[in-house]
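Asks: Residue numbers (our numbering), protein chains in the order written: chain A, 3 to 117; chain B, 272 to 504.
What the hints contain is simulated information worked out from the structure, not anything from laboratory work. For clarity, every value in this text was computed on a predicted model and none was experimentally measured. Treat the hints with caution; some may be incorrect.
[To be verified] Label-pair restraints from in silico Cβ distances: (1) A/Thr4 <-> B/Phe278: 30 to 38 Å; (2) B/Gly429 <-> A/Ser7: 40 to 48 Å; (3) B/Pro280 <-> A/Leu32: 25 to 33 Å; (4) A/Asp76 <-> B/Asp340: 29 to 37 Å; (5) B/Ala435 <-> A/Arg44: 28 to 36 Å; (6) A/Arg45 <-> B/Val476: 26 to 34 Å; (7) A/Ala9 <-> B/Tyr395: 42 to 50 Å; (8) A/Met3 <-> B/Leu436: 36 to 44 Å.
[Unchecked claim] With the Cβ distance kept under 10 Å, some of the chain B side facing chain A (calculated, not the full set): (9) Pro280; (10) Tyr381; (11) Ala423.
[As the list claims (entries may be wrong)] So these bits of chain A aren't anywhere near chain B, every CB distance computed over 12 Å: (12) Ala97; (13) Val100; (14) Leu116.
Don't be surprised by glycine CBs; every beta carbon is placed ideally from N, CA and C.
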Amino acid sequence: MTAWSHAGVWAAIAVIGICTFALRFSFIYLFGRIDAVPPRIRRVLRYVPAAVLAALVVPSVVAVEATVGATLLDDRVLAGAVAAAVAWRTENVLATIVVGMGTLWALRFGPALLG
Amino acid sequence: MSSSERFRPDLVAGVRTAGPILVGILPFALVTGISAIGAGLTIGEAIGMSLVVFAGASQLAAIDLIGSDAPFLVVVGTAVVINVRMVMYSASLAPYLRACSLRARGVAAYVLTDQAYAASVAEYETNEARGRLPYYLGVALSIWVVWQIGTAVGAVLGAGVPDALGLEFALPLVFLALLLPAMKDAGTTAAGLVGGAVALAVGTVGVPLNLDLPIAAASGVAAGVVVDTWRDT
């Protein structure tokens with residue numbers, strides 16, 4: 003349980019909220035005031051989705067262990083690899099979730115059920 | 272056809288696209304609500320944070336740090352740095368929303384998330400005829416509603432959900448399903464591979480102030496630009 007006061011928690015919520023809105027609004031606000039987005043910026047922005055999504059996915063699926071074997075044989079890595087194959091073949095979000103979670107649970111609880 | 276007649280089908284198409292994404296959001300929202308109560312926040316504070324901040328990863332980080340009695344500036348600084356990536360989404364979406372009113376763009380900014388951004392840009396790139404604002408709002412507002420309900424339910428339920436189920440794993444699976452179609456040529460593939468590798472490397476080594484994501488994303492974008500330039504010459 004935190005020692006923070008309720009006033010402190012609400013102050014943090016307010017400051018984080020205001021700063022986050024400013025970050026979200028930044029270019030959506032600015033580009034509405036200038037005539038066109040320069041082609042050079044467009045060319046850079048093309049690569050943002052792939053770079054950011056990969057940066058979000060990889061650390062939450064892979065945890066580096068002492069050996070390559072221990073890193074790759076983790077249940078999240080194996081489930082993530084199967085889900086990646088499904089995502090690549092189907093490009094379907096729901097199928098990817100169902101197969102990924104199913105694989106994770108099979109690896110986690112399967113041996114105990116069989117055993 | 273009037274603009275209001277065009278608005279609805281595009282809004283509905285956005286809501287449809289959001290459907291499977293919501294399956295990944297809901298467990299994340301529940302986990303966030305549950306952790307808020309676990310850290311000592313009230314139900315009102317947990318719900319207030321979701322309404323005011325509306326950004327999952329930074330909410331989780333703030334909750335975690337408040338729970339361990341971190342100083343005010345560390346909590347606020349960490350939560351805000353995690354959301355610096357929103358500037359990139361804002362810049363990427365801005366050209367598509369240029370024609371909208373200031374109020375509409377303000378609402379669009381408030382509901383901007385990783386998933387709403389990725390799903391909308393993917394649609395705009397393949398379907399020129401799609402109404403930009405209604406489609407975006409269809410995706411983003413669906414996520415907003417589920418996030419608010421999910422964190423509130425999580426806060427009320429408290430700590431009754433077993434950790435072993437690993438429900439939080441549904442979230443990276445959503446990102447994965449959006450990532451692979453986004454890697455469609457040499458440049459974007461390089462951006463994805465380098466972004467992922469650098470994120471893992473800096474996450475393992477540890478960098479201060481939770482700058483992992485901005486560093487990894489910038490590296491990935493740089494790799495994409497380099498590959499693109501190299502192929503042009």
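Asks: Could you run down the list of hints and mark each one as holding or not?
Replies: Now for the hints, and whether the structure bears them out:
no.: 1; hint: A/Thr4 <-> B/Phe278: 30 to 38 Å; result: 45 Å, violated
no.: 2; hint: B/Gly429 <-> A/Ser7: 40 to 48 Å; result: 22 Å, violated
no.: 3; hint: B/Pro280 <-> A/Leu32: 25 to 33 Å; result: 30 Å, holds
no.: 4; hint: A/Asp76 <-> B/Asp340: 29 to 37 Å; result: 32 Å, holds
no.: 5; hint: B/Ala435 <-> A/Arg44: 28 to 36 Å; result: 46 Å, violated
no.: 6; hint: A/Arg45 <-> B/Val476: 26 to 34 Å; result: 30 Å, holds
no.: 7; hint: A/Ala9 <-> B/Tyr395: 42 to 50 Å; result: 43 Å, holds
no.: 8; hint: A/Met3 <-> B/Leu436: 36 to 44 Å; result: 25 Å, violated
no.: 9; hint: Pro280; result: 21 Å, violated
no.: 10; hint: Tyr381; result: 6 Å, holds
no.: 11; hint: Ala423; result: 15 Å, violated
no.: 12; hint: Ala97; result: 8 Å, violated
no.: 13; hint: Val100; result: 8 Å, violated
no.: 14; hint: Leu116; result: 17 Å, holds
Of the hints listed earlier, those the structure fails to meet are numbers 1, 2, 5, 8, 9, 11, 12, 13, in rising order.
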